[in-house]
Amino acid sequence: MSKKEEIQVDEKLVKEIASLARLDLTKEETETFVSQFQDILKYFGILNELDTENVPPAYLSSANKSVMREDQIEESVPTQEFLANTPQSKDDYVVIPRVHIEQ
Amino acid sequence: MLLNTHELSIKATHELLSKRLISSEELTRDYLERIQRIDPQIQSYVTISEEVALEQAREADHRFKTGEGLTPLTGIPYSAKDSISTRGVNTTCSSKILENYKPFYDSTAIQKLKSVGAILLGKTNMDEFGMGSSTENSGFFTTRNPWNFEHVPGGSSGGSAAAVAAGLAPFALGEDTGGSVRMPASFCGVTGLKTTYGCVSRYGLIPLVSSFDTIGPMARSVYDVALVLEAIAGHDPKDSTSRVESIPNYSESLRQAKNLRGLRIGIPKEYFVEGLDSDVDSALREAIKQIEGLGAEVVEVSLPHTQYAIPVYYLILFAEASSNLAKYDGVRFGLSERNGDSLLDVYLKTREAGFGAEIKRRIMLGTFALSAGYYDAYYLKAQKVRTLIRQDFEKALEACDALITPVAPTTAFRIGEKITNPLDMYLSDVFVVAVNLAGIPALSVPCGISNGLPIGMQIMGPHLSEEMLLRIGHLYQTQTDWHTKHPLCWNN
Numbered sequence: 001m002s003k004k005e006e007i008q009v010d011e012k013l014v015k016e017i018a019s020l021a022r023l024d025l026t027k028e029e030t031e032t033f034v035s036q037f038q039d040i041l042k043y044f045g046i047l048n049e050l051d052t053e054n055v056p057p058a059y060l061s062s063a064n065k066s067v068m069r070e071d072q073i074e075e076s077v078p079t080q081e082f083l084a085n086t087p088q089s090k091d092d093y094v095v096i097p098r099v100h101i102e103q
Numbered sequence: 001m002l003l004n005t006h007e008l009s010i011k012a013t014h015e016l017l018s019k020r021l022i023s024s025e026e027l028t029r030d031y032l033e034r035i036q037r038i039d040p041q042i043q044s045y046v047t048i049s050e051e052v053a054l055e056q057a058r059e060a061d062h063r064f065k066t067g068e069g070l071t072p073l074t075g076i077p078y079s080a081k082d083s084i085s086t087r088g089v090n091t092t093c094s095s096k097i098l099e100n101y102k103p104f105y106d107s108t109a110i111q112k113l114k115s116v117g118a119i120l121l122g123k124t125n126m127d128e129f130g131m132g133s134s135t136e137n138s139g140f141f142t143t144r145n146p147w148n149f150e151h152v153p154g155g156s157s158g159g160s161a162a163a164v165a166a167g168l169a170p171f172a173l174g175e176d177t178g179g180s181v182r183m184p185a186s187f188c189g190v191t192g193l194k195t196t197y198g199c200v201s202r203y204g205l206i207p208l209v210s211s212f213d214t215i216g217p218m219a220r221s222v223y224d225v226a227l228v229l230e231a232i233a234g235h236d237p238k239d240s241t242s243r244v245e246s247i248p249n250y251s252e253s254l255r256q257a258k259n260l261r262g263l264r265i266g267i268p269k270e271y272f273v274e275g276l277d278s279d280v281d282s283a284l285r286e287a288i289k290q291i292e293g294l295g296a297e298v299v300e301v302s303l304p305h306t307q308y309a310i311p312v313y314y315l316i317l318f319a320e321a322s323s324n325l326a327k328y329d330g331v332r333f334g335l336s337e338r339n340g341d342s343l344l345d346v347y348l349k350t351r352e353a354g355f356g357a358e359i360k361r362r363i364m365l366g367t368f369a370l371s372a373g374y375y376d377a378y379y380l381k382a383q384k385v386r387t388l389i390r391q392d393f394e395k396a397l398e399a400c401d402a403l404i405t406p407v408a409p410t411t412a413f414r415i416g417e418k419i420t421n422p423l424d425m426y427l428s429d430v431f432v433v434a435v436n437l438a439g440i441p442a443l444s445v446p447c448g449i450s451n452g453l454p455i456g457m458q459i460m461g462p463h464l465s466e467e468m469l470l471r472i473g474h475l476y477q478t479q480t481d482w483h484t485k486h487p488l489c490w491n492n
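Line by line, the protein sequences are chains A and B. Take the first sequence: its position 97, counted from the start at 1, is 97 in this note's numbering, and no numbers get skipped. Take the second sequence: its position 68, counted from the start at 1, is 68 in this note's numbering, and no numbers get skipped.
In case anyone wonders, no lab produced these hints; they're calculated from the structure. Each residue gets a CB set at the ideal place from its N, CA and C atoms; glycine is no exception. It cannot be assumed that every hint is accurate.
[What the hints assert, rightly or not] Chain A is faced by these chain B residues, among others (derived, beta-carbon under 8 Å):
| no. | residue |
| --- | --- |
| 1 | Lys269 |
| 2 | Val273 |
| 3 | Gly330 |
| 4 | Arg351 |
| 5 | Arg361 |
| 6 | Met364 |
| 7 | Phe368 |
| 8 | Leu380 |
| 9 | Ala382 |
| 10 | Trp482 |
[Claimed, not checked] When the alpha-carbon atoms are kept at most 20 Å apart in a straight line, the in silico EDC-like pairs for lysine to aspartate or glutamate are as follows:
| no. | chain 1 | residue 1 | chain 2 | residue 2 |
| --- | --- | --- | --- | --- |
| 11 | B | Lys485 | B | Glu286 |
| 12 | B | Lys289 | B | Asp277 |
| 13 | B | Lys102 | A | Asp92 |
| 14 | A | Lys12 | B | Asp341 |
| 15 | A | Lys15 | B | Glu394 |
| 16 | A | Lys42 | B | Glu358 |
| 17 | B | Lys269 | B | Asp239 |
| 18 | A | Lys27 | B | Glu358 |
| 19 | B | Lys327 | B | Asp277 |
| 20 | B | Lys418 | A | Glu29 |
| 21 | A | Lys15 | B | Glu358 |
| 22 | B | Lys269 | B | Glu394 |
| 23 | B | Lys418 | A | Asp39 |
| 24 | B | Lys238 | A | Asp71 |
| 25 | B | Lys349 | A | Glu29 |
| 26 | B | Lys349 | A | Asp24 |
| 27 | A | Lys27 | B | Glu352 |
| 28 | B | Lys238 | A | Glu74 |
| 29 | B | Lys349 | A | Glu28 |
| 30 | A | Lys42 | B | Glu352 |
[Stated by the list, open to error] A short, non-exhaustive set of chain A residues, derived as facing chain B with CB atoms under 8 Å:
| no. | residue |
| --- | --- |
| 31 | Ile17 |
| 32 | Ile40 |
| 33 | Tyr59 |
| 34 | Val67 |
| 35 | Ile73 |
| 36 | Ala84 |
| 37 | Asp91 |
| 38 | Pro97 |
From just these sequences and the hints, can you work out the full model?
Below, the structure is given as structure tokens:
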């Protein structure tokens, strides 16, 4: 677990994460996050006190049996009703800005 | 009629409605008028659904006229946290990114309340997407604690708790991801139930952390909470984690309850440590004596991994929330900033304008915890420690029937006190988050007042032990009157 103890949060890391998260942070936000993340991750480091080598991860909150069922045809939501919340639509389609390939 | 309808319990209101001494429309108008008059000071509601409410009230009155389809909640008004989808009524999660979003379907919980003829008064304020412990992170405004307007109501279901405490709804639906029902219930002096994960359908609940989120009732007594739970619990094929086969008759079981003989209650020593306010400590010790007086055996137990619950909870929350919030991109619904050139600009500008600071912070931390190179050290580690915390509860609840702790280490803090230090705010959740990691139910019951602010007791039990938790809380409320105390604005 040495990697975690070594983690240094800097502007470069915050910017990389922001890009992955599709967040366009202001300069102030980036600076605030650098210091706050350092504190928060340092505090979270207490988890390293525990040896979890042989502990299985808990992905489900409770043991569930399979909930799959046969496919059924049901009435779906009318397209116009669905599109009522859509910022921009035309002829039953969602409109977005043109997607072009960046070099 | 010389009658303050907001002071009545659900049971008493139901009797008036049944005898037709009051109509649901009159009752609903009373509440709407009270909201108009008092809520500007408290700001518990984000949306008031007057038209829908009056229409539903007239429909309920028709039921009373014909005597058909009557249940204890028929004609009773309520409010719902703004993360619970309501058809045709704004559902914003108190976020600018969903400010004008109107769902085209009802969540199952709302649908069930509709089917018994309950009346939706409106939607209540919350920390944006449930991220916060005070409602200060609402994208719109901060709700005030009805007991003291300078203090927070708790969060994230702060609006729901404040509305019930101020007499602006007889009951409310809240949603608990990491204390979001129990903590505000405790801060506002009302009764709140965090249900077992899978007990109430999550269909139509806008997710924060899919593996923690639960819908639960908040009301003025355990008995009223039981009436609401009866109406909303149950299996739903639309929620793959729904796991209740049959719903007990909770209120009937409360009517039969006599004492707590034969129950063993554990007091986890890790919850009575430094940092616990001395008034909270003594209120809890007094409450535990009352529980003992009802016939329960009280023993000390240990939940050895308690101190790790906060980092585990927040790491999993950050990760799951960052993934759940990826869908807010300005394309299919919600806010959309279109003043850029490319699709990427729409994503970036929409999310920049639509999300508050805390949301961005958590999305960032979650993206980090899930990213290549850090996943094992943070996310996987947290999921492993979650197993240890769950095992703590399994062991403690093998030796005991239920556990009793404080809900929060202090009473409601001041508005502004913790908002600039996110870590400090996270630590206020120290007694409530472990329950969500284990997926078990927990009840928050008022048990004292310190400097004019309420104190709450938390009663936790094994999966699907709601009936027992309600019994303990109900018998406690037959012996004490903390749940009948109200803030000054109650009398306005």
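Each hint tested on the structure:
| no. | hint | in the structure |
| --- | --- | --- |
| 1 | Lys269 | 19 Å, violated |
| 2 | Val273 | 15 Å, violated |
| 3 | Gly330 | 6 Å, holds |
| 4 | Arg351 | 6 Å, holds |
| 5 | Arg361 | 7 Å, holds |
| 6 | Met364 | 5 Å, holds |
| 7 | Phe368 | 5 Å, holds |
| 8 | Leu380 | 6 Å, holds |
| 9 | Ala382 | 7 Å, holds |
| 10 | Trp482 | 31 Å, violated |
| 11 | B:Lys485 to B:Glu286 | 17 Å, holds |
| 12 | B:Lys289 to B:Asp277 | 19 Å, holds |
| 13 | B:Lys102 to A:Asp92 | 18 Å, holds |
| 14 | A:Lys12 to B:Asp341 | 26 Å, violated |
| 15 | A:Lys15 to B:Glu394 | 42 Å, violated |
| 16 | A:Lys42 to B:Glu358 | 19 Å, holds |
| 17 | B:Lys269 to B:Asp239 | 36 Å, violated |
| 18 | A:Lys27 to B:Glu358 | 16 Å, holds |
| 19 | B:Lys327 to B:Asp277 | 41 Å, violated |
| 20 | B:Lys418 to A:Glu29 | 18 Å, holds |
| 21 | A:Lys15 to B:Glu358 | 17 Å, holds |
| 22 | B:Lys269 to B:Glu394 | 16 Å, holds |
| 23 | B:Lys418 to A:Asp39 | 15 Å, holds |
| 24 | B:Lys238 to A:Asp71 | 13 Å, holds |
| 25 | B:Lys349 to A:Glu29 | 15 Å, holds |
| 26 | B:Lys349 to A:Asp24 | 7 Å, holds |
| 27 | A:Lys27 to B:Glu352 | 13 Å, holds |
| 28 | B:Lys238 to A:Glu74 | 13 Å, holds |
| 29 | B:Lys349 to A:Glu28 | 16 Å, holds |
| 30 | A:Lys42 to B:Glu352 | 27 Å, violated |
| 31 | Ile17 | 5 Å, holds |
| 32 | Ile40 | 6 Å, holds |
| 33 | Tyr59 | 6 Å, holds |
| 34 | Val67 | 4 Å, holds |
| 35 | Ile73 | 15 Å, violated |
| 36 | Ala84 | 7 Å, holds |
| 37 | Asp91 | 16 Å, violated |
| 38 | Pro97 | 5 Å, holds |
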